[in-house]
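Q: These protein sequences, in sequence, are chains A and B.
Numbering follows numbering that gives the first Met the number 0, in which position 101 of the first sequence is assigned residue number 100; successive positions increment by one, without gaps.
Numbering follows numbering that gives the first Met the number 0, in which position 149 of the second sequence is assigned residue number 148; successive positions increment by one, without gaps.
Keep in mind the hints are simulated off the structure, nothing from the lab.
Just so it is clear, CB atoms sit at the ideal spot from N, CA and C, and this is done for glycine as well.
Treat the hints with caution; some may be incorrect.
Claimed, not checked - Here are a few chain B residues that face chain A, going by a calculated C-beta distance under 7 Å:
no., residue
1, LEU207
2, GLN239
3, ARG250
4, ARG251
5, ALA252
6, ASP254
To be verified - Chain A is nowhere near these chain B residues, computed Cβ spacing over 12 Å in every case:
no., residue
7, GLY53
8, GLY209
9, ASP253
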Amino acid sequence: MRFDRRRLLGGAGALALSLTACGRAERRLYFYNWDTYIGATTLDDFRAATGVRVVPSFYATNDELFAKLRAGNPGYDVIVPSNEFVTRMRLAGMLQPLDLSRIPNLRNIAPEFLTADYDPEPRHSVPYTWLVSGIGYRRSKVDGVPDSWKWLFDSDRYAGRIALVAEAADLIRLGAKYLGRSLVGVDEATARAVAALLIRQKPRIRAFHDDNGQDLLLAGDVDLALEYNGDMAQAIAEDPDLAFVVPREGSLLNADTLAIPKGAPSPDLAHEFINFLLDAEVGAGIARTILYPTPNAAARARMPDRYRTNPVIFPSGPGMAASEWGRFEGPERWRLFDELVTAVRAA
Amino acid sequence: MRGRTDWRREAGPFLALIGLPLAWFLLLILVPLGAVWALSFAINTGVASIEVTGTLANYARTLEPTYLGILLKSLALAGLATLVSLGLGFPVALAIAFAPPPWRTPLLVAVTLPFWTNLLIRTYALMAVLRDEGLVNRVVAALAPDLAPLPLLYHDVAVVVGLVYVHLPFMVLPIFAALDRMDRSLIEASLDLGAGPLATIRHVVLPLAGPGIRAGVLLTFVPALGSYLVPDLLGGPGSQMIANVIERQFRRADDWPFGAALAFVLVYLTLLALALLAPRRPAARA
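Please model the entire structure based on the sequences and the hints provided.
A: As structure tokens, this is what we get:
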């Protein structure tokens, strides 16, 4: 590189400019999200468009999010709770109602996602993605399509090659689905029947995983795992021998949403950011990275066929038709589920 | 001893010295622990509200067979890991203590080397070694292609292996310190007077290393008992330890009072272990 005076002066000028930029308080937005759950360039694009720097931090479970905000908001502006936790956090008075007039891009969301039992008017959340639990499996090690919960919960066919989620409420409710019941309003007798089923199945289960079943499949530790469709879509992109099915008994549907916790430092910016994420082009960028199904119809329309018609991202068939949305049914029910699963694991 | 100061007569300098650590201890250890202790006598009154009522119901629940069983299992896994660490750590400490002086520092650095990496990374590294398509099984597959992969992960034995791997330095270092201080002429005397090497280790070295062994056992057992990551990552469907159950009370089950009671049962047990194993102070002299 040639080193002349003009360049040197220019460099000094740029340095001085950037120093003044540092001196001025840069606007920041604190975004508390799941890991790998935003588009590759989304946050930089928002900064380019508005000059606001988004500071991301990550949680691994809804419980972690809830526990962190329970004693008061430590300074997050936008969070991404799942539908059941929207209900729970609303009950606990932890969310701000949204001013929908400042989120005009809500018109991009498909009509079936615009109203929701988990978040009645006035809305405290807008849908970001949706997801369905199912069976992720390794084609070469499994006979045909394992399209029943039986292969996970009630069979020794794949003994020692099965991973289930550790999440108590999901286990008990999906077990209830296998027993032919609804996953909404599972009573104590059904929950105990599922626990008994799991105790019988336990010797054939290799591990209870914390939402990393796709990693266990990729590493070859198990051949069948209870997982979400989006996580499996990411794993299948790495290893085409993996596949995903929603069992015919039906499964658990959930949505992840964007919400503003009470005590958010910049609620105005938070609205602006949520509106930005619901933009068609931005939404498509997010979907391209995370491969979760988007409720954003305008964004989906901009996606290539291999996303729009991907049977893992958008499953169909009897399993989907029999699936139900999960609901938060009070802390006592959740404690009962957890106690039963603790007993299963101690048995 | 001459020139020894009595803190009762020189309270000012004493307070100046102890003040900062004492404030640190009160503010950052006693106050938060006290809050959790109070929580263990509380009840849940709503989705996110708790009331301290002085109830003992949370402690009663820790005695239910499910939780008592998990506690006993945690004690057993931590105890077994401590025993194995002692069996491995004592010879290692002995070897380092008797190694030629230029070798000692590199050997001690080698023992502490794993601490330079985060516990989570070390545990994942161990998983990469032990998993079905991991390093060990790849070697096995190369030597005996017909053999099914050895199931080295996701059961209680894997948890004990992990606990030993993580806690071994805590066993080696205090034993090494005790052996290093030992008067070597005692060993020469024992050997001169006709005791064999094993008899010398049993009757001379072991008793002298006693305080170091007690410290090592304590430093291994207490953190092993409260282990959370190792059983979570290496364990199978049945290998939960008490810390995993405590974590679930604070997160999934959202039952902080019960989680606090379980956590304090662990604290009480730790205090008991300390009382039983802590090095005795020499009797007070006049």
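Q: Next step is simple, just say for each hint if it's right about the structure.
A: Structure-based check of each hint:
no.: 1; hint: LEU207; result: violated (42 Å)
no.: 2; hint: GLN239; result: holds (5 Å)
no.: 3; hint: ARG250; result: holds (3 Å)
no.: 4; hint: ARG251; result: holds (5 Å)
no.: 5; hint: ALA252; result: holds (4 Å)
no.: 6; hint: ASP254; result: holds (5 Å)
no.: 7; hint: GLY53; result: holds (21 Å)
no.: 8; hint: GLY209; result: holds (37 Å)
no.: 9; hint: ASP253; result: violated (6 Å)
When the structure is compared with the earlier hints, violations turn up for hints 1 and 9 and for no others.
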